[in-house]
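S.K.: Okay, here's what each chain looks like letter by letter:
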Amino acid sequence: MTLTNSPAATILNRQQLKDLLSGFNPDPKGREAYAIIEALYPICRSITGEGVRQTLRLLQQTIPLIVHEVPSGKEVFDWVVPKEWNIRDAYIKDSAGERVVDFRKNNLHVLNYSVPVHRTMSLAELTPYLYTLPELPDWIPYRTSYFKEIWGFCLSQRQLDQMKNDEYEVWIDSTLQPGYLTYGEYRIQGLTDEEVLISSHLCHPSLCNDNLSGVATAAVLASLLDDVDLRYSYRFVWAPGTIGAITWLALNESRLSRIKHGLVLSCLGDPGLFTYKRSRHGNAEIDRVAEHVLRSTGHDFELMDFTPYGYDERQYCSPGINLPVGCFMRTPNGKYPQYHTSADDLTFVRGPALADSLFHLLRIIEVLEGNYRYLNLNSKCEPQLGRRGLYRQVGGTNNTGVEEAMLWVLNYSDGQHSLLDIAEHSRLEFSEINDAAKLLARNNLLQLIDPIRSSHLG
Amino acid sequence: MTLTNSPAATILNRQQLKDLLSGFNPDPKGREAYAIIEALYPICRSITGEGVRQTLRLLQQTIPLIVHEVPSGKEVFDWVVPKEWNIRDAYIKDSAGERVVDFRKNNLHVLNYSVPVHRTMSLAELTPYLYTLPELPDWIPYRTSYFKEIWGFCLSQRQLDQMKNDEYEVWIDSTLQPGYLTYGEYRIQGLTDEEVLISSHLCHPSLCNDNLSGVATAAVLASLLDDVDLRYSYRFVWAPGTIGAITWLALNESRLSRIKHGLVLSCLGDPGLFTYKRSRHGNAEIDRVAEHVLRSTGHDFELMDFTPYGYDERQYCSPGINLPVGCFMRTPNGKYPQYHTSADDLTFVRGPALADSLFHLLRIIEVLEGNYRYLNLNSKCEPQLGRRGLYRQVGGTNNTGVEEAMLWVLNYSDGQHSLLDIAEHSRLEFSEINDAAKLLARNNLLQLIDPIRSSHLG
Amino acid sequence: MTLTNSPAATILNRQQLKDLLSGFNPDPKGREAYAIIEALYPICRSITGEGVRQTLRLLQQTIPLIVHEVPSGKEVFDWVVPKEWNIRDAYIKDSAGERVVDFRKNNLHVLNYSVPVHRTMSLAELTPYLYTLPELPDWIPYRTSYFKEIWGFCLSQRQLDQMKNDEYEVWIDSTLQPGYLTYGEYRIQGLTDEEVLISSHLCHPSLCNDNLSGVATAAVLASLLDDVDLRYSYRFVWAPGTIGAITWLALNESRLSRIKHGLVLSCLGDPGLFTYKRSRHGNAEIDRVAEHVLRSTGHDFELMDFTPYGYDERQYCSPGINLPVGCFMRTPNGKYPQYHTSADDLTFVRGPALADSLFHLLRIIEVLEGNYRYLNLNSKCEPQLGRRGLYRQVGGTNNTGVEEAMLWVLNYSDGQHSLLDIAEHSRLEFSEINDAAKLLARNNLLQLIDPIRSSHLG
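Here the protein sequences come in this chain order: A, B and C. Here the first sequence stands for residues 0 to 457, numbered as in numbering that gives the first Met the number 0. Here the second sequence stands for residues 0 to 457, numbered as in numbering that gives the first Met the number 0. Here the third sequence stands for residues 0 to 457, numbered as in numbering that gives the first Met the number 0.
Do not rely on the hints blindly, as some may be mistaken.
Since copy identity is lost for identical chains, a pair holds within one copy or between any two.
Stated by the list, open to error - Straight-line C-alpha distance at most 30 Å; calculated BS3-like pairs for lysine-lysine:
1) K73 with K379
2) K334 with K104
3) K82 with K259
4) K147 with K437
5) K379 with K259
6) K82 with K379
7) K92 with K259
8) K379 with K104
9) K259 with K73
10) K73 with K17
11) K104 with K147
12) K104 with K92
By construction, these hints were calculated from the structure, which means they are not laboratory data.
I would like the entire structure built from these sequences, with the hints used as guidance.
M.R.: Here's what the structure looks like:
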């Protein structure tokens, strides 16, 4: 083959990602992701503060991500990086001195970002500061107040029902002071500088599916891809929701044009169906790839059109940014009762679900990586596949699967259609089409025509 | 707010149309429209003549429309304004001198536009001049012969069955002479000279739903809008069907480019579902607005694609005119048995149906008037709504309705999408989207970008 | 009428094709096509050789087609014209001298294109050279080996089951030598040089539906059209599958731009539903015409999108050729059990099915021929049809069918829409629309605007 050493040959001969998929062993990968969640679960995270730093430090055991610190007061588009919030302890004590609500038992008990307070109050005075879920009386809600300096406690309805008319000592030992917003980033250099963005929010405290599942899946995915020759460069971002994504976008605005595809990862550990929420483009390559991969599983799944609420796709898909970034989930936010409650705990997320999420992410990446356009070098009539040993010898029977895939690739490799286009058109799986294209290219019947830009090619 | 006195401020602060809708009281409005129909019902109208003039004179009690007279013989495109037809009396008398068919009892008895005749004829001789509905034997059909000079009588099958072999005196005291074609017009000046055309045919004699319902609804609508500050100018036309619309178009050809939207009104008093027949464009703004309004009612309704038969949309949507004019009806022509018979009388149309038609027309106008495009002035990421008091203080819960509407408006106000586009995209009601846009604009987060052309702005 | 002697008048006054359709008598036409199949059935055809020549000679009794001979070794795109194959006899004899497999009984018994062989072999040695259909044990399969020089026999499973352990004499008296590839062609000159291609493969031996049905239908169709004044020129090609179509395309490459529409004909004699397989364009005029004709029959039918396997549409629709050629069939290849077996015999195809196929082909041609664009010469409002005698005199009733068709033609004859566009839009049949257009054109209300290019117009 004359292609050896050329970029095209590099692409045609790459095998690592395929091996990664065929050798993917769900059990250890699910356990690895679950173990990360277990380690991160107790930490009290918020949009700023030590919880975020501690989380990123633990993730560095899986992937050597870089920690970025952005000072309070920094203007980022229409926003300002807020003060840093830290908390040591918090409780409501009754007159007998017993902690009836105790931050040390569950960090959800504090309204996240509460300003410090130390007062004695009657139950009636205290009640406006208490948040419960009357319809889910055993669970503690997760509530926040990032941009209004107030305080409060979250507790189960049962806890509240047991609180008598008494004088309570209320104590939140937090600080809200100039400091930093912290986020993590990891980049894998591919054959080209075109990037795939993988983003997950890490601001939620002890909540597993939303979003330690996304945080951990991203980390394991990064570690898997780290050893693989890739077409695209991959940029992983772990940042607090909303303000973190806005900060990252503001600081990286000049580099956004490199991002060709992206996914927000969240809610990936529950046992529900997969859900893909399309980018604002609606029909971007990432949208079509994700749909193709989910459709080829044979299982049910959900597709959602873009909406301007949800996770950080809100920011990535704001009209002035408008990146082709979708959101990959199992059961979406707000669609499971445990959402934003203490029931989103270590029993709600599962290793097998995490492994399955990882596997589907790898399949999405496989299609993205292989979705080139080729040109049929014998476009007038079919080439004679038989004399190249690519066609059955005895005719009169139906085409074989490989023959069909080759005929589809030859017929539609007219410079307009990518392999994904051909897979969709033929209703064959992308991997069949990709294999056929590589076989034809090795036989000099196809030529790779997508631009291959890279500083990494010798 | 810095917008005071600017055209944009004028638009944002307008409240009258909204008040008109929220204060709309169906009972008196339905009674008002019904009373107009009652007053117009006895008159024998045709495409020309005193009946039309008398009708327009009565309508002037509701709205000070202008009466136009176009002389017979005037060439209007491929047509010529016909002679003026007037009729005083008509009957068929039996040999005993009894009027067995009597124009004074119902003006449908005369074939509309019949030439004068006075003869004595046997029943056999007379029969070819008689029109009945054998399958609806109690009803008199409505028949016309505008462009062929013949005569005839319409009667119920029962009447015909009772006519014996006898000598009959046939008498039609009509004239067909050079005169005028008469139509009415009323124009409301809006902020801009761009016009909305509201057209109804008034040539039918004693037929209520087709089309005194359209004629009366248009008059009451004009009187309601007359006191309101409006974006568009509104031109109401009451003209005879076909030849009247053709005449009006021929005389106003140079002004047609001002017409941005239009509706033909007919069959608006029966108790059936609403029907909207799309303009020839098929997806003109008026088509989308009418569909949006009907869809948001929660009731069933019918949508029809354009067909080149029906009412005067035939002319407005002829290929060389091609205005974006749809047709707003309840049960369409030909789809109710009373259509074009004496049973389309004062018992067939109802005040509540007329009021409901009026209300929906006002809602269509509300959407047309408010369907501007805005530009998000903070298009990179979301603006911080919280510090402007536009967002809930405690997070962790789902977005409220207003927040969702604001997020949709912000995300899609990229210069491409109108508020109707955003309403359709978000599946929210136009009024929610419009309210959110005004709220954001008052907070300087959006800017109105649709051109505002007007000589009326100070 | 001022149009006499003009090309437009020629078109408007043509009546022959319409007469052909209205006078079409299915019985004799079905018998004629069936008789051709009967005559051709015994011949052992292949992609080259005397069988093809003999077939074309017999077809010349129906239509004076021209026989082309292309020498072996000729390069045609990626292929080379193969050696010519001829066969006189073949058998497997048992040790008692009895022909247990006999080419003279059915020419399917020989693997088509087998090289000569004369050997004595045990059953065990022979078995790898034998092809059967275990699941259809009474039928002989049709198998080929065009491009690999091997030999073999095809037989029913029952025959194989009866073969004992014995020594067999194997004899194939074939030759594979330099010679020619043979195909037939017939062209009918129309008003213009723009061509319609009708192609059928004639390489299959004793198989009736695939494809003597296509071969015979094409011949009868050519004979029917030969006497008719036509807009398009029609080029009929009878050639061996794949290599024949490739050869024809390679030799005629410079003339392909004249081909505006085309059909591959196959499997047209079975009693199943019609199937139309779209061209690669997917929405070419031929695709829309075929669908319109099939839809207007009121019977079920099948539509298939283009796939790059099937018949010679594979070549006509290869990306570098990309002609608008569909495939017209009844039950498609591979979808009936008799396909490519000895059961595709003279009992499987029927005269009435062949006649029905012919009739539908004529209707497709009728639409292609008549699908002009016209321009409404009175595009502002409707023209007054009444004074031209084209409209009913007494109004108040619904439009008649002819009036509706005229209104559709007038409204959409804006220079953009063809008559087929209008037929689809109005959901009327093409013939109704075409008749209305001709009536309007004769009344000078429409003008034919499609270019009429021809050397044949005086």
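S.K.: Hints the structure violates: just list their numbers, smallest first.
M.R.: 3, 7, 8, 10
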